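Trainee: Each chain, written out:
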Amino acid sequence: MQKVAVIGAGQTKFGEHWEKSFRDLMAEAGKKAIEDANISGNDIQAVYGGTMSAGRMIGQEHIGALIADSMGLNPIPSTRVENACASGGTAFREAYMAIAGGHYDIVVAGGVEKMTDVFTSQASLALGGAADQEWEVFFGATFPALYALIARRHMHEYGTTEEQMARVAVKNHHNGSLNPNAQYRRDVTLEQVMSSSKVADPLKLLDCSPITDGAAAVVLASEKIARKYCDDPIWVLGSAQASDTLALHDRESLTTLKSSVIAGREAMKQAGVKPTDINIAEVHDCFTIAEICAVEDLGFVEKGKGGKAEEDGMFDLNSNISVNPSGGLKACGHPVGATGIKQVIEAVEQLRGEAGKRQVDGAETALTHNVGGTGATAVVHIFSKEGN
Amino acid sequence: MKHFGIVGYGAYVPRYRIKVEEIAKIWGKNPEDYKKGLLIREKSVPDVDEDAATIAVSASLNAIEMAGINPQELDAIYVGSESHPYAVKPTGTVVAEAIGATPNLTSADYEFACKAGTAAMQTCLGMVKGGMIKYGLAIGADTSQGRPGDALEYTAAAGGAAYIIGSENVMAEIEETCSFTTDTPDFWRRAGQEYPRHGARFTGEPAYFKHVLSATRMLLEKTGTTIDDYDYVVLHQPNGKFPLRAAKTLGVPKEKITPGLLVPEIGNTYSGASILGLAAVLDEAKEGDRILMTSFGSGAGSDSFSIRVIKKKENKHPVKSYVEKREYLNYGQYAKHRRKIRM
Amino acid sequence: MPHRKSLSLVWRRYPQRYQLIGSKCLTCGTHFFPPRDFCPKCRRKGEIVEQKMKGTGKIHSFTVVRVPQEGFEMEVPYVLAVVELDEGPKLTAQIISVKPDEVSIGMPVKMVFRRISEDGDSGIINYGYKFEKA
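Chains as they are written, first to last, in my numbering: chain A, 1158 to 1545; chain B, 160 to 502; chain C, 349 to 482.
Next up, chain A with everything else stripped away, as it sits in the complex (with noise of 0.2 Å):
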């Protein structure tokens, strides 16, 4: 297997894009990664482009070649991956793998979603297609209350509180207020994200992330490209990827994700860390329940101390771990396709040590964590400044 990096990111900023479509959104993330990667477009052999829900929301299929035509890279391979939420994650490791493999030498991995060009009311349906239509959505489930089942079960098992989760919406919306890229770039206090109206109890307005237009892209290469176009490559050192029942009520434990921790488990082996090893750590925090979820599965605490852990500000910026610095889905905002790729962006810059303001102090290792649905899919990668 080849040693794969990345060696170029770009992103357009998270937010309600009135002015701009799903195709300016992918060329400007797609022109910002390559410049950034030093490398002209010809020397790119293929695109992976995530995006869950095109189709719904923009009434396009056929999102390969728009991807590959809105950067101006015909006539080389471009393949839409879509894997709902996670969309964005799997098409960097398809890219990751392609290279791994020895197929190729540069590839981009994009993601996009377009998600205001719809009514809300739409927008939302198309997000249920990430549950299982036929068991869950059929009866009136949305994607909210799945979560919601979650959170309520997690506070029956473990005495999770509705304001341990608030804590995360006020530790996101605080991280987000520093990076120039996020859609809410504004401070919550605890009081605002508790009274904020209900959705699906006990999860209310603050605890979910919104409706979000953006896209982001990187450049990945082998190890003997990246050492000759990049001064500051970022290895790519685990990643690994698994499923589960596409209905939540299926699984054996609505509070375990399953695929999140074997995925962890898988890719923290291949680069050789232990959960304690990890700075900084973006994951799908598609709700505050999904964070401390993540934070549990992925190793950082034990089992049910998510909730706890939260509170006493373990997971701030610059604390053991730094979750979700960019702000994560909750303030970046959570273009569906967009976020995996944002996520790698982050770690990128985290480790570049160009994060500005929300610069972790010595970061060496960067995981992200990218989930589809209420977990049917987790996909995660771990990142290195030093290639091991």
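Heads up, a few of these hints could be off.
[Claimed, not checked] Listed below are several chain B residues computed to face chain C (Cβ distance under 10 Å; list not exhaustive): (1) D206; (2) E209; (3) T213; (4) P244; (5) V253; (6) G259; (7) E483; (8) E486; (9) K495; (10) R498; (11) M502.
[To be verified] Okay, derived cross-link-like pairs now, BS3-like style, lysine-lysine, Cα gap no bigger than 25 Å in a straight line: (12) K481/C to K495/B; (13) K484/B to K481/C; (14) K447/C to K495/B; (15) K479/B to K481/C.
These are computed hints drawn from the structure, not numbers from a lab. As the structure is a computational prediction, the values presented were derived from the model and not from experiment. Just so it is clear, CB atoms sit at the ideal spot from N, CA and C, and this is done for glycine as well.
We have chain A; now place chains B and C onto it with these hints.
Mentor: Same frame as chain A, now just chains B and C:
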């Protein structure tokens, strides 16, 4: 001797209620006028996710439980309603599928205003007697609607009952049945219309009373019986007043009519009305008791039945349990339940 | 929303949604709902037969949905739960005839047959299971 009749029965009334006062308040009426005029206190209201099909299923499952039969033994299902969820597409097939009776059976939907349920019973009885079927399921179920502000709004309610008719393991023999039918335009709903119209006072003498009294007298004559031979009398109950007046005319003492008079507490459940009354009576009747039931459907017709309890069967879901389980709605909630709010 | 409007998509699920018809592995005794025709535990040694669930169970987790899915506006607020059937399988369903603050984890429930959704005023009506307090 072989008996033909009821093998099991089941009732269902939604748990929600609205009081006459709550409706009268909205239209600036004096509630006492309706409470005295119609002898009704409140009416049942279906939940937003209930319709004639779901009510029919609930009542049928109770009937099957009492009958102790395998739903696969049902050879016919007839559902009477004036509020079938579809104008075209049978309610009977939904019921058949939901109770596990498909596919070896016949089914059809009936509509004859408030007497479609008893018409279904007659059909099943005839088929059982003729040897065409082993067991038939006859259902009357409605989620009836009255135009907001109309007098019907105080009574149009929801509920239903289901009867399994057969010749084996019969708990109540149907000794005789007959009908009195004419073309009388007292109440109707034209195709595509949401609410029915009615002839106000015309619904009384030429419609309800003429048909109920004629059918009942016909039955008494046919069976050579008098009111004294019956322990209970159940008459269709569009309100509290009509059945009491008809009973008085027929010389029925009050104690024989009140056990089957549910309308003051649940309203007029249309196709469910007389057969829910019968179910309430069957719940309390003893072996050997005789029951006279006469339904009425606008348009118009009455079916009269002479029924004798021959073997008491326990009802695990008595009518009383449904009548007593109630949760009151205000008019706003009622409007939501009855989908009178346009989204 | 093809899962509400498509005739064949909803029709082929009537046995499960109307009557809780699942399946059971005779080899290991595990019940499946929705039915599986293959036992993941016993693999080739499994013998699967159709099995109707009794329709009783208890609440494993629940939420009160305040922002509904499109088409469920009339039911807001509604309780949605993961119900653990007595036979073992879990499913997602609405809990009805109960006030949200009366619902709790472990509460025994039984199946009832109700309308789930409809395709507007002119399309098909979808029926299926909901649960109420046992």
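Trainee: Identify whether the interface hint at P244/B stands, where standing means a beta carbon of chain C within less than 10 Å of its own.
Mentor: Because about 6 Å separates P244/B from the closest Cβ in chain C, which is inside the 10 Å limit, the hint holds.
Trainee: Hint check: K447/C vs K495/B, CA-CA at most 25 Å. Holds or violated?
Mentor: Distance ~16 Å between K447/C and K495/B Cα, so the pair holds.
Trainee: Against chain C, run the beta carbon of T213/B and see if the smallest gap drops under 10 Å.
Mentor: holds (5 Å)
Trainee: Hint R498/B vs chain C: min CB-CB distance below 10 Å?
Mentor: holds (7 Å)
Trainee: Measure nothing beyond the straight line between the CA atoms of K484/B and K481/C; if it is 25 Å or shorter, mark the hint as holding.
Mentor: holds (13 Å)
Trainee: Verify the interface restraint on M502/B: the C-beta must sit less than 10 Å from at least one C-beta of chain C.
Mentor: With a closest approach of 6 Å, the M502/B hint holds.
Trainee: Would the hint on D206/B be counted as holding, given a Cβ-Cβ threshold of 10 Å to chain C?
Mentor: holds (7 Å)
Trainee: Measuring from the C-beta of K495/B to each C-beta in chain C, is the shortest one below 10 Å?
Mentor: At 7 Å from the nearest chain C Cβ, K495/B passes the 10 Å test, so the hint holds.
Trainee: Can the hint on G259/B be confirmed by a CB-to-CB distance to chain C that is less than 10 Å?
Mentor: Constraint on G259/B satisfied, holds at 6 Å.
Trainee: Check the hint pairing K481/C with K495/B against an upper bound of 25 Å on the C-alpha distance.
Mentor: holds (23 Å)
Trainee: Next item in the hint list is E486/B. Is there a CB on chain C closer than 10 Å to its CB?
Mentor: Hint holds; E486/B Cβ to chain C Cβ min 8 Å, cut 10 Å.
Trainee: Tell me if E483/B is really an interface residue toward chain C, meaning its C-beta lies closer than 10 Å to one of theirs.
Mentor: Where the cut-off is 10 Å and the nearest Cβ of chain C is about 15 Å from E483/B, the hint is violated.
Going through the hint list in order, the structure does not satisfy hint 7, though it satisfies all others.
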